[in-house]
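> My request is simple: use the sequences and hints to build the entire structure.
Protein chains: 2
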Amino acid sequence: MAGGGTEPKEGLTYEGAGVSIEAGEEAVDRIREDAASTHKYFGGKPINAIGGFAFILELPCGTVLGFSTDGVGTKLRTAFISGYHELVGIDLAAMVFNDILVYGFIHGVFLDYISQGVQKPDRTKAIISGMIRGCHMAQFGLGGGEMAELPGFYKEEEYDLAGFGVGILPDRRHLIMGESIVPGMYAYGIASSGLHSNGFSLLWATFGIDFKDPDQAGERLNAHYPELGRTLLEEVSVPTILYRQGILDLNDKYEIAGMANVTGGGLARNPQRILPPGCSVAIKRGSWPIPPIFSLIQKRGNVAQSEMDKTFNNGIGFIVYSPNEIREEGVYKIGQVVEGSGEVIFI
Amino acid sequence: MAGGGTEPKEGLTYEGAGVSIEAGEEAVDRIREDAASTHKYFGGKPINAIGGFAFILELPCGTVLGFSTDGVGTKLRTAFISGYHELVGIDLAAMVFNDILVYGFIHGVFLDYISQGVQKPDRTKAIISGMIRGCHMAQFGLGGGEMAELPGFYKEEEYDLAGFGVGILPDRRHLIMGESIVPGMYAYGIASSGLHSNGFSLLWATFGIDFKDPDQAGERLNAHYPELGRTLLEEVSVPTILYRQGILDLNDKYEIAGMANVTGGGLARNPQRILPPGCSVAIKRGSWPIPPIFSLIQKRGNVAQSEMDKTFNNGIGFIVYSPNEIREEGVYKIGQVVEGSGEVIFI
Chain A
1 MAGGGTEPKE GLTYEGAGVS IEAGEEAVDR IREDAASTHK YFGGKPINAI
51 GGFAFILELP CGTVLGFSTD GVGTKLRTAF ISGYHELVGI DLAAMVFNDI
101 LVYGFIHGVF LDYISQGVQK PDRTKAIISG MIRGCHMAQF GLGGGEMAEL
151 PGFYKEEEYD LAGFGVGILP DRRHLIMGES IVPGMYAYGI ASSGLHSNGF
201 SLLWATFGID FKDPDQAGER LNAHYPELGR TLLEEVSVPT ILYRQGILDL
251 NDKYEIAGMA NVTGGGLARN PQRILPPGCS VAIKRGSWPI PPIFSLIQKR
301 GNVAQSEMDK TFNNGIGFIV YSPNEIREEG VYKIGQVVEG SGEVIFI
Chain B
1 MAGGGTEPKE GLTYEGAGVS IEAGEEAVDR IREDAASTHK YFGGKPINAI
51 GGFAFILELP CGTVLGFSTD GVGTKLRTAF ISGYHELVGI DLAAMVFNDI
101 LVYGFIHGVF LDYISQGVQK PDRTKAIISG MIRGCHMAQF GLGGGEMAEL
151 PGFYKEEEYD LAGFGVGILP DRRHLIMGES IVPGMYAYGI ASSGLHSNGF
201 SLLWATFGID FKDPDQAGER LNAHYPELGR TLLEEVSVPT ILYRQGILDL
251 NDKYEIAGMA NVTGGGLARN PQRILPPGCS VAIKRGSWPI PPIFSLIQKR
301 GNVAQSEMDK TFNNGIGFIV YSPNEIREEG VYKIGQVVEG SGEVIFI
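Residue numbers (the numbering used here), protein chains in the order written: chain A, 1 to 347; chain B, 1 to 347.
To be clear, the hints were calculated from the coordinates, so they are not data collected in a lab. Just so we're clear, the structure is a prediction, and the values are computed from it rather than from any experiment. Check before you lean on any hint, since a few could be wrong.
With the C-beta cut set under 7 Å, the calculated list includes, among others, these residues of chain A facing chain B [said to hold, decoys possible]:
id: 1; residue: Gly-18
id: 2; residue: Arg-30
id: 3; residue: Thr-38
id: 4; residue: Tyr-41
id: 5; residue: Leu-59
id: 6; residue: Thr-69
id: 7; residue: Val-109
id: 8; residue: Ile-132
id: 9; residue: Leu-142
id: 10; residue: Gly-143
id: 11; residue: Phe-164
id: 12; residue: Asp-171
id: 13; residue: His-174
id: 14; residue: Leu-175
id: 15; residue: Ser-193
id: 16; residue: Ser-201
All residues carry an ideal CB built from backbone N, CA and C; glycine is no exception.
Quick look at the structure:
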């Protein structure tokens, strides 16, 4: 693996590839108080602050709801090039459901927003078919959606997607908020299937793919990489894993004190989001296998390790905190909870 | 008013302006059964079929939820030209909340999806500020959102928005599903503030506005129209009305048997959506004042009356069914429920 720990000036960054997480956070910070002024209207009691994996609301009747919204990012371009539109439908569902699964939601309602310049029924059907596959895997019901047609907003072969999920938990005792996590517990990483749906803008920059030139883009995506044992397009056409069944299987045998979804912000900025006050997590490098796509990106783009960490999942798609010794295929003991103030420390 | 009742071949149509509602419906029809296969996962009992103004779910504890998602359509271009981004934030909230209000939901949770090519904190803040204003008017709490940054998907000055609302009603007896509507009841129309957020693609076509040429677009939008008493840009920069308070005020004095939001599909395709089996609604032309913008569009675009009806609200933004004689400013007795099979009949 190349470039680990070094931060060469010429290395590619996510911000350089056009995605500025800080600018987004700035906008949110500036609006936080105004948004809070609406919280009296919820019709229930918020269980966590805005900014968790999902927003949790306890209804007066005791039922708990978990709300999440997400998109697929520029992974969408994979479908534009390949025509495999089911892919991003599954990804959309997975991005939303894995965020809600963190808190223990295993049923609920999904809605989608599909925005196109030109309505193409075959394509729309394929996207929704993918979402439905995701809904089956997460056991959420598709409750509706909006198909927007915005002439001139998108190129004919392009579109955007948003997904909304509401988890429904009849009994608050089944809610997993991570309060029982204590220093000494283990952090287990569950293998990802590759990039999932994060960091694609940096991926495209790394391989110098110019989507304004479809021939060039197609050629570069269809190039075979010995490191991957397949083409780049094949590599990135793997859907995001929906972790519901995997988590239920673990839950049958082990105590799960908390979970985290490795989503936007990568392995550097997600594992700590579920930790209670007074805890950090130490993640041991080399304690899990890095899939070859990540090593390839890092090497080709001369990407600093810190940039890899905050952009990609690096092979770990979901995290489980447990006091138990978990021994299962595809589950790696990647670290341990330590005393601290909510940090991810790579050791 | 020009062109009423005639269907000249050269008249502009919504489909000709790039929006094909039929193609969208075709995609949905082809996926309906597959979608239904996920409904066993809802974690509650569906009260209506997919395709209502909102999807209604009764939880085991008795609380009822109403789900809706929507966008702003090409009204977004108004904000791109004027820089008044609060506008479309309010519109987004209004589009979502008016759909949920139909069933009597007056509190709940809102989430948003903002998709940009480049994250611009000032612009994002303005959009969210508009949503927050809408949340206050509808008394929904802002529970979270996603700010997507998709380099190359949107021009720098453009973006797309999706909103998602979940109404929360602790007592099913307050749910208004329209079952008590019977022939003989009156249909009352509540005045819109103009186009609201529907039919903008046809509006742009009518005025020959070419957004690829910002100078031309700016010039045409800033033209003053004596019929409007203002510029076209001023006319279309009026936010969609949020009807919550208006409906609560009516509800204090009158019996409300059902409601309908005049959204995509216009006055021809929305009033009947809340009617129980065996009912149609006869709407009497000329029974309410048509705001000048609609007459202007019809005249300039030589738009057939049937096309006007299925594209625009034509001055009626929301409909209330009641057995009472309602006499309030801005509320018009526009028709009556008759025996029939769910049609809107213009008389």
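> Next, verify each hint and record whether it holds.
Comparing the hints with the structure gives:
no. : hint    : in the structure
1   : Gly-18  : 3 Å, holds
2   : Arg-30  : 5 Å, holds
3   : Thr-38  : 4 Å, holds
4   : Tyr-41  : 4 Å, holds
5   : Leu-59  : 5 Å, holds
6   : Thr-69  : 5 Å, holds
7   : Val-109 : 6 Å, holds
8   : Ile-132 : 5 Å, holds
9   : Leu-142 : 5 Å, holds
10  : Gly-143 : 4 Å, holds
11  : Phe-164 : 4 Å, holds
12  : Asp-171 : 10 Å, violated
13  : His-174 : 12 Å, violated
14  : Leu-175 : 14 Å, violated
15  : Ser-193 : 22 Å, violated
16  : Ser-201 : 5 Å, holds
Hint compliance for this structure: hints 12, 13, 14 and 15 are not met, and every other hint is.
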